[in-house]
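Visitor: Put chain B on the given structure of chain A with help from the hints.
Here is what each chain is made of, one letter per residue.
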Amino acid sequence: MAGAITAAVPHVAETKRAVSTESPAARRILISITVLFLTIFVVIPLINVFNQAFSKGYEAYLSVFFPQRPDPDAVLTFSQKRRLAEAAAQAARTWRSIGLTAAVASIVLPLNILFGLAAAWATTKFNFRGRALLTSLIDLPFSVSPVVAGLVFVLLLGRNGIWGPWATKLEWPDPFSLHWVGFADGFWPLAFGQTHVGIIFTPLAIVLATIFVTFPFVARSLTPLMESQGTDEELAALSLGASGWRTFFKITLPNVKWALLYGVILCMARSFGEFGAVSVVSGHIDVNDTMPLRIEKLWNEYNNQAAFSVASLLAFVAVITLVAKSIVEWKAARDIERSD
Amino acid sequence: MTIEVRNISKSYGPTKVLRNIDLTIESGELVSLLGPSGSGKTTLLRIIAGIEQADPGSGAVVFDGEDVSGVDLGRRGIGFVFQSYALFKHLTVFENIAFGLRAKRRRERPNEAQIQEKVKSLLELIQLGSFAQRYPSQLSGGQRQRVALARALAVEPRVLLLDEPFGALDATVRRELRSWLRHLHDTIHVTTIFVTHDQEEALEVSDRVAVMGHGQIEQFDSPQEVYENPANAFVFKFLGNYNVFHGRAGAGSFVRPHDIAIFREADGGQPDARAGVVSHIGFGGPVVKIELEGADNHRVDVELTAQAYHELKLERGEKVWFAARRAHVDFPLDYSI
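Protein chains in written order, with this note's numbering: chain A, 19 to 358; chain B, 1182 to 1518.
Bound conformation, chain A alone:
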């Protein structure tokens, strides 16, 4: 995956210029190899995901997310009651993992947009000592195994870590537990329903690990475009008396909006799907499960159909991402062409 991403936007422009010099036979063989490879490794597995998810029928698929409610009038045996309660608990865990995945993405995305814009701006519009080093550091998460990244966080913030003594005592309110409590207790009507202690093995660690794994995407998709656009338009805006902020929002941002969106799509897809880094820092606690972790647990519990049902959601998101990516990619390539 990393290889495909590092090529990012400029790759698109290059493929258009590709001129074939091979004989028709060689071309046919190359195309067949590509199609065969993609069929075996992408198309068949993807179809299999949906096939397995619906293997016990449409109702079984739905019951993974919406378990059957017992008929209030029916008389149930103890084991029937237990099975129903179990299914309800499983569905609740699945919903929690979906919620956590969405929550993590909603925190990671804005941070990565800010970081990506700042990094792309710094490395393309300024010339300074160490710029090349900074550019390669931004790519680091592509070359480091996510599991290693997760371990680094554990070693830094865990009980025996360098910052362990501080990190394990840190108390932080869960921003998603903010709820309405009314004015009975004072002027401020909102309160946090949940407070966590520590960082590792809490959702905060999952956020940190996901940021680490996804931060290059926005920066990498902006860099080629910003480089080709240069600084003339910004300088023109400044010379006309515009402030730095106005120049950024009226000139720079509109010029890179498609490349930015492209980076956001990649970043979102990765943050939904990240497994390795998140797995290490989650501590395998149920409440810390994101969708990929949840899928693994269901699989390990021999609940294949449920595992594939949750996986089908991720696969569905992937397909939508692919479509959105193609549209945005096309628009971003057009921006690069225009700026040449």
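Just so you know, the hints here were simulated from the structure itself, not pulled from any lab data. Errors might be hidden in some of the hints.
Among chain A residues calculated to face chain B with C-beta under 10 Å, some are [claimed, not checked]:
| # | residue |
| --- | --- |
| 1 | Asp192 |
| 2 | Pro193 |
| 3 | His197 |
| 4 | Asp250 |
| 5 | Leu253 |
| 6 | Ala254 |
| 7 | Ala255 |
| 8 | Leu256 |
| 9 | Ser257 |
| 10 | Leu258 |
| 11 | Ala260 |
| 12 | Lys268 |
| 13 | Ile269 |
| 14 | Pro272 |
| 15 | Asn273 |
Straight line, CA to CA, 27 Å or less: simulated DSSO-like cross-link-like pairs of lysine-lysine [as the list claims (entries may be wrong)]:
| # | chain 1 | residue 1 | chain 2 | residue 2 |
| --- | --- | --- | --- | --- |
| 16 | B | Lys1418 | A | Lys275 |
| 17 | B | Lys1197 | B | Lys1418 |
| 18 | A | Lys315 | A | Lys74 |
| 19 | B | Lys1301 | B | Lys1285 |
| 20 | A | Lys343 | B | Lys1270 |
| 21 | A | Lys143 | A | Lys315 |
| 22 | A | Lys268 | B | Lys1270 |
| 23 | A | Lys343 | A | Lys275 |
| 24 | A | Lys268 | A | Lys315 |
| 25 | B | Lys1299 | B | Lys1270 |
| 26 | A | Lys268 | B | Lys1285 |
| 27 | B | Lys1270 | A | Lys143 |
| 28 | B | Lys1299 | A | Lys143 |
| 29 | A | Lys268 | B | Lys1301 |
| 30 | A | Lys349 | B | Lys1418 |
| 31 | B | Lys1197 | A | Lys268 |
| 32 | B | Lys1285 | A | Lys143 |
| 33 | B | Lys1197 | A | Lys275 |
| 34 | A | Lys349 | A | Lys143 |
| 35 | A | Lys349 | A | Lys275 |
| 36 | A | Lys268 | A | Lys143 |
A virtual CB, placed ideally from N, CA and C, is assigned to each residue, including glycine.
Guide: Frame of chain A; chain B shown alone:
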């Protein structure tokens, strides 16, 4: 507005791009900075604009007696036209021109009706009245150039700075825009500095030309003066084609191709005429370029008017005599361009 550049130097690392530049431009003047690439002319323009800063402690840029060296680019009251035009791709022509007006601080900002009126009058000025809703990508090079100029003029700058304004245009459009710029300057009288490497352009349009080379100003004078009385060999060589005839040790005699006369007879009235063979004839419309091969295979370029060429009826391989009507002597020969 008068612009004074006082003792400005600029280096990029070990490379000195500008060396102790002094330049005073009078209010309302149209001045060109003319020089080969690498002469520092664009850097000087960008320092006057405030896009780049001169070396610390090296001098000052002064507008109307006020030192603006520390003033931000946006607060200097300049209008800058970039070589690439730098039009805002995602905005219409109208919004491009209105950009500077809308960016003004609330107290100074004109209301919508005033903006509409101002932009309309600028569109008329650049003869693009019906192009208000087009995007830059739908315009030709010359039209883009004029929009860039109108955008810079919208904020009523005290000085207009143009970086190679016609560099990217084809020859016909260049000539048209050149005379258009001259007329525009005669109408609005804003102090204007433009950078160019095209001698003809600089000589034709400007009130005064600053010829730059090696990070210095070699000569700053009226076009006629720099052309007819060049301060040194660099200026002479840069302003046009030339022939060198070796004279006394260490000095050369520099002659423009059009200052050489060709005769059919040895005693064509010129006692110092030399012999040569016509080796090439290049017909260039009103001017015919003749190559002569003199003694010791010394090549001499001559430009004749078409009329003189027809009167002489020259043929290739013919032996003729030539003499300089006018020469610039005594520039040291080791001065390289």
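Visitor: Holds or violated: is the Cβ of Ala254 of chain A closer than 10 Å to a Cβ in chain B?
Guide: Cβ of Ala254 of chain A sits 4 Å from chain B, so the hint holds.
Visitor: Given the hinted pair Lys315 of chain A and Lys74 of chain A, is their alpha-carbon gap at most 27 Å?
Guide: Judged against 27 Å, a Cα distance of about 19 Å means the pair holds.
Visitor: Take the shortest C-beta to C-beta distance between His197 of chain A and chain B; is it under 10 Å?
Guide: With Cβ-Cβ at 41 Å, over 10 Å, it is violated.
Visitor: Given the hint that Lys1285 of chain B pairs with Lys143 of chain A, test it: the Cα-Cα distance must not exceed 27 Å.
Guide: holds, 25 Å
Visitor: Take a quick look at whether Lys1197 of chain B and Lys275 of chain A sit within 27 Å of each other, Cα to Cα.
Guide: violated, 39 Å
Visitor: Once the shortest beta carbon distance from Pro193 of chain A to chain B is found, is it less than 10 Å?
Guide: violated, 35 Å
Visitor: For the pair we were handed, Lys268 of chain A and Lys315 of chain A, check the Cα-Cα distance against 27 Å.
Guide: violated, 48 Å
Visitor: Is it true that the CA of Lys343 of chain A sits at most 27 Å from the CA of Lys275 of chain A?
Guide: holds, 13 Å
Visitor: Tell me if the straight-line CA distance from Lys1197 of chain B to Lys268 of chain A falls inside 27 Å.
Guide: This hinted pair is violated, its Cα atoms lying about 36 Å apart.
Visitor: Measure nothing beyond the straight line between the CA atoms of Lys143 of chain A and Lys315 of chain A; if it is 27 Å or shorter, mark the hint as holding.
Guide: Cα-Cα ~46 Å, so violated.
Visitor: Tell me if the straight-line CA distance from Lys1301 of chain B to Lys1285 of chain B falls inside 27 Å.
Guide: Holds. Lys1301 of chain B to Lys1285 of chain B sits at ~18 Å (cutoff 27 Å).
Visitor: Hold the hint about Ile269 of chain A up to the distance rule: shortest CB distance to chain B must be less than 10 Å.
Guide: With a closest approach of 6 Å, the Ile269 of chain A hint holds.
Comparing the model with each numbered hint stated earlier shows that hints 1, 2, 3, 16, 21, 24, 28, 30, 31 and 33 do not hold.
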